[in-house]
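Visitor: What follows is each chain in one-letter form.
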Amino acid sequence: MSREVPIWSELGKYSSKKLNKKVGEHQLNLERFETSTRDSIQKLSKLEREIKRVEKRIVSALEKSNTAEAISDILLIRVLRIEEMVELSALSILRTNRFYNKLYTDIARGIEAGVKYDEASIQSMVPENLKSVVSTAIAASDFYDILSKYKSNLSHYINDTEEGEQ
Amino acid sequence: MIPWFYSLEQFTEFKNYKPKKRQKIIDEMKKNVNGQKLILEETSKSLRKHALGVSRRTKRNDKHRATEEMMTVAFDLKNAEPVLSNYVNSLLLLRVYEIMHIEGYEDPSALPEAMADIDYGLYSLSTEDELRSLLKQTTDPLAIIGIKLDE
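Chains as they are written, first to last, in our numbering: chain A, 1 to 166; chain B, 1001 to 1151.
By construction, these hints were calculated from the structure, which means they are not laboratory data. Treat the hints with care, as some may be off.
Sample of chain B residues lacking proximity to chain A, with all beta carbon distances greater than 10 Å (derived) [stated by the list, open to error]:
(1) T1012
(2) E1013
(3) K1030
Calculated cross-link-like contacts (lysine-lysine; reagent style DSSO-like; alpha-carbon spacing at most 30 Å) [unchecked claim]:
(4) K1021(B) x K52(A)
(5) K22(A) x K1015(B)
(6) K149(A) x K1148(B)
(7) K102(A) x K1136(B)
(8) K1015(B) x K131(A)
(9) K22(A) x K1021(B)
(10) K149(A) x K1015(B)
(11) K1049(B) x K64(A)
(12) K1148(B) x K52(A)
(13) K1021(B) x K21(A)
(14) K1045(B) x K56(A)
(15) K1059(B) x K64(A)
(16) K43(A) x K1136(B)
(17) K1049(B) x K151(A)
All values derive from a computational prediction rather than experimental measurement. All residues carry an ideal CB built from backbone N, CA and C; glycine is no exception.
Take the sequences, apply the hints, and build the full model.
Guide: Written as structure tokens, this is what we have:
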């Protein structure tokens, strides 16, 4: 479900004064969403650094045959990856709102300058990568390849605890 | 975008609340999220402690005690699952409410037609099962390499 009245049609009916007022409001909204987007990106960068650090620790433990220590970090990495996915999803909503306010102000200014808009022109103003998948795939990383090498040790640890550590 | 974790009514109600009440709800949710994160951090510490115990006892050839420690690690990992599920639900809800609380927020369903079909990641999922399965596939290193904790 999308808005029923297209933006250009709604804005085209406003007086110049009302149009300016709307631009002002949406400009403020845009600034708020730009700030929140920056905060979200900062949070994501921090999470990604932490994920890399823990992945490195897991690989190092596996290389030293400390399988149990590697397993103990698995929970931590799951928590971090969940936080990363939630933040990526939140970033998508923030980005969409940021873009919407930018679109609104750009169209309002265009209308004031006599530009004619229609659905196709609006469509062409929406960047294609705004619609791209957030992150349903694992980021390119050697971590899971490395982990696979130790699959039998890890699996043995989870499913059969009678033999002691490998 | 009407995810499984909140009803349309709950969503509309939140939007209609005054900022002060919205902030109060967010603060309460933050408290829950922090509490759940604390449990996960403590479980993680306990896992590490027992894992180090396994290494130590294995080096001393103390096989039975090492086995007990290993069982505790496996047990802690499995028992963390319900907390993890709750944590992700609470965190998702908290983030969406925090965003809705930003002045000028527009729900994706009220955006122009040209902005339809945007992928909102976890917020695009419609059932809890979908969420669980996606998280398992993308966040659990053991599941990714084919080891199932729940077997």
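Visitor: Each hint: holds or not?
Guide: A quick look at each hint next to the structure:
The beta carbon of T1012(B) is kept farther than 10 Å from every beta carbon of chain A, the shortest such distance being approximately 14 Å. Chain A leaves E1013(B) outside its interface by the beta-carbon criterion, the shortest separation being 19 Å against a cut-off of 10 Å. Against the 10 Å criterion, K1030(B) stays outside the reach of chain A, whose nearest CB is about 14 Å from its own CB. Among the hinted pairs, K1021(B) with K52(A) is inconsistent with the structure: their alpha-carbon atoms are about 39 Å apart, more than 30 Å.
Taking the CA atoms of K22(A) and K1015(B), the gap is about 21 Å. The hint holds against a cut of 30 Å. Pair hint K149(A) plus K1148(B) holds up; C-alpha atoms about 16 Å apart against a cutoff of 30 Å. Pair hint K102(A) plus K1136(B) does not hold up; C-alpha atoms about 36 Å apart against a cutoff of 30 Å. Of the pairs offered as hints, the one joining K1015(B) and K131(A) holds, with about 25 Å between alpha carbons and a cut-off of 30 Å not exceeded.
Between the alpha carbons of K22(A) and K1021(B) the distance comes to roughly 27 Å, so the proposed pair stays at or under 30 Å and holds. Only pairs whose Cα atoms come within 30 Å are accepted, and K149(A) paired with K1015(B) is rejected, the gap being roughly 50 Å. For a cut-off of 30 Å, the pair hint linking K1049(B) to K64(A) stands: about 18 Å separates their Cα positions. Note on K1148(B) and K52(A): the hinted pairing holds, with a Cα-Cα distance of about 23 Å set against a maximum of 30 Å.
The straight-line distance between the Cα atoms of K1021(B) and K21(A) is roughly 28 Å, inside the 30 Å bound, and the hint therefore holds. Distance restraint check for K1045(B) and K56(A): the Cα-Cα separation of roughly 18 Å lies within the 30 Å cut-off, and the hinted pair is therefore satisfied. Our distance criterion of 30 Å between C-alpha atoms is met by K1059(B) and K64(A), whose separation comes to about 13 Å. Distance restraint check for K43(A) and K1136(B): the Cα-Cα separation of roughly 22 Å lies within the 30 Å cut-off, and the hinted pair is therefore satisfied.
For the given pair, K1049(B) sits about 22 Å from K151(A) by alpha-carbon distance, which is consistent with the 30 Å threshold.
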